[in-house]
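Residue numbers (this note's numbering), protein chains in the order written: chain F, 7 to 448; chain P, 10 to 248; chain W, 7 to 295.
By construction, these hints were calculated from the structure, which means they are not laboratory data. Any given hint could turn out to be false.
As the list claims (entries may be wrong) - No farther apart than 25 Å at their CA atoms in a straight line, the calculated lysine-lysine pairs in the BS3-like style are these:
| id | chain 1 | residue 1 | chain 2 | residue 2 |
| --- | --- | --- | --- | --- |
| 1 | P | Lys83 | W | Lys96 |
| 2 | P | Lys65 | W | Lys96 |
| 3 | P | Lys142 | P | Lys196 |
| 4 | P | Lys75 | W | Lys96 |
| 5 | P | Lys142 | P | Lys127 |
| 6 | W | Lys107 | P | Lys70 |
Just so you know, these numbers come straight off a predicted model, no measurement behind them.
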Amino acid sequence: MSKRLLLIPLALLLVFSLVAVSCDGDADVTTTPPPTETTVPPPDDYDTRTSIVIGAARPISGPLNMIGDYALGPLLDIWVDQINAAGGLYIDEYDRALPVELIIYDDTSDLGTMTTLLERLILEDQVDFIMPPCSTAFLYAAAPIANEHGYIFLGGEGGCTTLTALLPDLPYVFGVLNYSDYHQIPALADLFVEWGVETVAYIYIADLHGIEYAHTSESEFLLRGIQVVYSEGVPPEAVDLTPQLQAAMNSGADAFCAYTYPPISIFVYGQAMGLGYNPDVFVIGPGANFQFYYAAFGPMTEGLIGFGAWNRQTSPEANALVDLMVAATGDAGLALYGDEEGFLDWWGQLFYYGALQFFEQAIVEAGTLDQAVIRGVMATSTFDTCLGPTWFDMRDGGGGLLALECHPGQVGQWQNGIYEVIGPAANATADAIYPKPPFPAP
Amino acid sequence: MQILEGEGVTKYFGGLAAVSKVDFSVTKGEVFGLIGPNGAGKTTLFNLISGAFAPKPGVIKFRGEKISGLSPHKICRRGVARTFQDVRVFANMPALQNVLLGSLFGTPTGMSEAEANKRAIELLDFVGLSAMKDIPAGGLTLVNQKRVEVARALATRAELLMLDELMAGLNPTETAEAMELVTRIRKRGVTIFMIEHVMKAIMGVCDRIMVLHHGEKIAEGTPKEIATSKKVIEVYLGE
Amino acid sequence: MFASILDIIIDGLFMGGIYALLAMGLSLQYGVARVLNVSHGEFIMVGAFLTLALHTGLGMNPILTLVIIGPIIFIVGYLLHRTLFSALLKSSPSTEVFEGKSLLATFGLLFIIQNVAVLIWGSATRSYSYLASPVEIAGAITSLNRMVTLGITIAIGLAFYIFLARSRMGKAIRAAAQDPATAGIMGVNINNVLALCFGFGLLMAGIAGVLYSMCFGFYTTMGLGFTIIAIIVVVLGGLGSIPGSFIGGFILGIVGQITNTFEAELTLAAYYFIFIVLLLVRPKGIMGK
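Generate the whole structure from the sequences, applying the supplied hints.
Take a look at the structure:
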């Protein structure tokens, strides 16, 4: 063998080394550091924020004051006072509890003024949250405004089928109060069937509210074979209802309903008394459910039916709410009506307070003042409130309505000075009185 | 005795002097005339005396007591009554009621309804309107309306009666009757101060006449003196 | 089916009586004192609330409250005229100017009275029950408080008519209504008469308020609606005619009741329609001069 033969293995060794060196490097040897938590930065005003501001345009003056000051109005103050007495709302992203400040502007019961004030609260004052105005028509106008700016909108005094129909497009709107077909008229009509009522006469206020109750009545009564023998619309400014009452008397109907609200709800009953009109069933819409109605008519209210409904017996929390209201408004009630419960509303106040308590818990749960996040929590959570377990039925990606199961009652009746819940049966606090007793002698 | 006196009576409306520094004096019991072209300030002077407005400056005295500045009803109760150029009866009321108003309210001391009624009837008779006492004043002829006005003014127990163009719009017969009425009023002891355009009438009944022109007094004297006064003739002819 | 014709007439007369009182009051104020008082309706509200206060606070019989409330409101009206409107009269060169100034002044009154009332009594609708028992008249059913009201309004209307026609002061008022300046020249103390008329005018509104509160609920902002109705009735009856206002009130009451029975929503429109037709066709009204 020659030297040349020895060169071949050397060459091969050289080639192998070259190849080995150039192929080196792709062995992924970098060590990944251990995974860390994604840190969300604190809000811009973390250091400077001193309170949570809630704004509302309410009827401090004007005709709607008669409803507003006896329904949601006092509850807003009570709710905020309760929160602040406990030190405020604890918001995670601020790592502290923040007191709540309430700003209320007077919309003078004027729709245009209300929308202007609402926009001011949102755009200029830049409040953190808003509360609703008073009455169905005002809710109808305010809800889209709030929604457009991403402000959560809880329903207040009012609610109707037409607003509910808009919910799919209003994700920030949460209807609270029950109304005609959700589920008052059906509950009322069921009671009628139970009592054997065959004919009904009704009057209704000729506006959004009244017309809707009229329509719902027509269909619900028809479904159950109850005949409407007289129906008539009255203008909102009506004062003298005697022609309508006389016509109802002449019709001989078993039951009479007045789908009206104050002051007509008050006039109707007084004038019925004057005519001696006392059908077996006497139903009056918004108005009859306020404690001041009993203050005005006293024992004459015996057997009068209205919508609602709740009272002290509904639950211990309901009882506690009455005490809270008496503590806050008792003196004013005594001064105006001689009744420390004079500012109680046995229809809506439990609903509104439950909604407020729900809202409060949702904010704390969300840990942020970001309303998109809070909305998400509200849409998917159940919280305990004075209504019991409380949740909202949502419309596919839209807004929601307080679940029917959370309603404390649909139909109420004055019995011995108490607004008892008489329907549906599951919520009843007393047996219904049927037929309506004669007016007691004055 | 001078029953009515005016010293330096002046009244401006805006910048225009309707009456300017007029002095006058009416003797009790006389018939005193006031003439002058249209716009001379005659009715304004009457308004100043009856209290519609107060002279500024100037003073008006009735029976020696100052009346300028008093309210109209007080002046009336002191004994000054007037009629108007544009006969101002209460058209909807019967003639008797019109006169009754005067006797009920205008007298210096009150009167019972019965007395007032009696007086009203007597005065209607005096002016010759007894037959018309129940006819609404607005339905009477012009001359009768004027009579109602006169009766009403007299009902206030006026001592001074101011007549503002009593003869205006009357035909010659009616004018003569009016002149005769003035004489009869004077016989009752009432002093008369009258504005007139009808020259024959005023020359016929007045004891003395005063002439106003552009708010100023330009002449005063007996009818004969006035009729022959150059100044007065110029003023009237120059119109 | 509807309420019967007799129902309509009886209730129409009842409502008309209230309108008649109200309109007579305004007619006195405008026809004699030449003040178009837009705060007139506020006094029906004040009358109603004062009755509430006396009835619920002191347990007084509402009809009896007339004895207290009546004089109070009359004195308020008299003093208002002697102070406010007399001053305006003195500073106004002509009747037109006075009417303009006094109209503005009464607007001021309206706001003051209404806002004070809201401060004292709040904005809720109040009511009390009095004589709310049915009474049958020839087959028609109505309530006792309405019939009592009707009786009182007719009695007051008649009493005032007799006062105007027979009494000495009544004659002075009629003279002042036709020609205040001439009446003054004839010895009528015009300032006093005008103030009395203004006081009587407000008194009528106050009485209407007491009666109204017996039958209906009332609230502090209800005044203006009544002022408008009073104006319509005064025009209907004839400006310057107090009997005209009285009759006009009853007519409007019946018309209103008819509309309310058959087409309730048109009631307010019907009133305004009548007003417009009147102004176009017969502006001097039924008994106007």
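- [ ] Find the hints from earlier in the document that the structure breaks and name them by number, from lowest to highest.
- [x] 6
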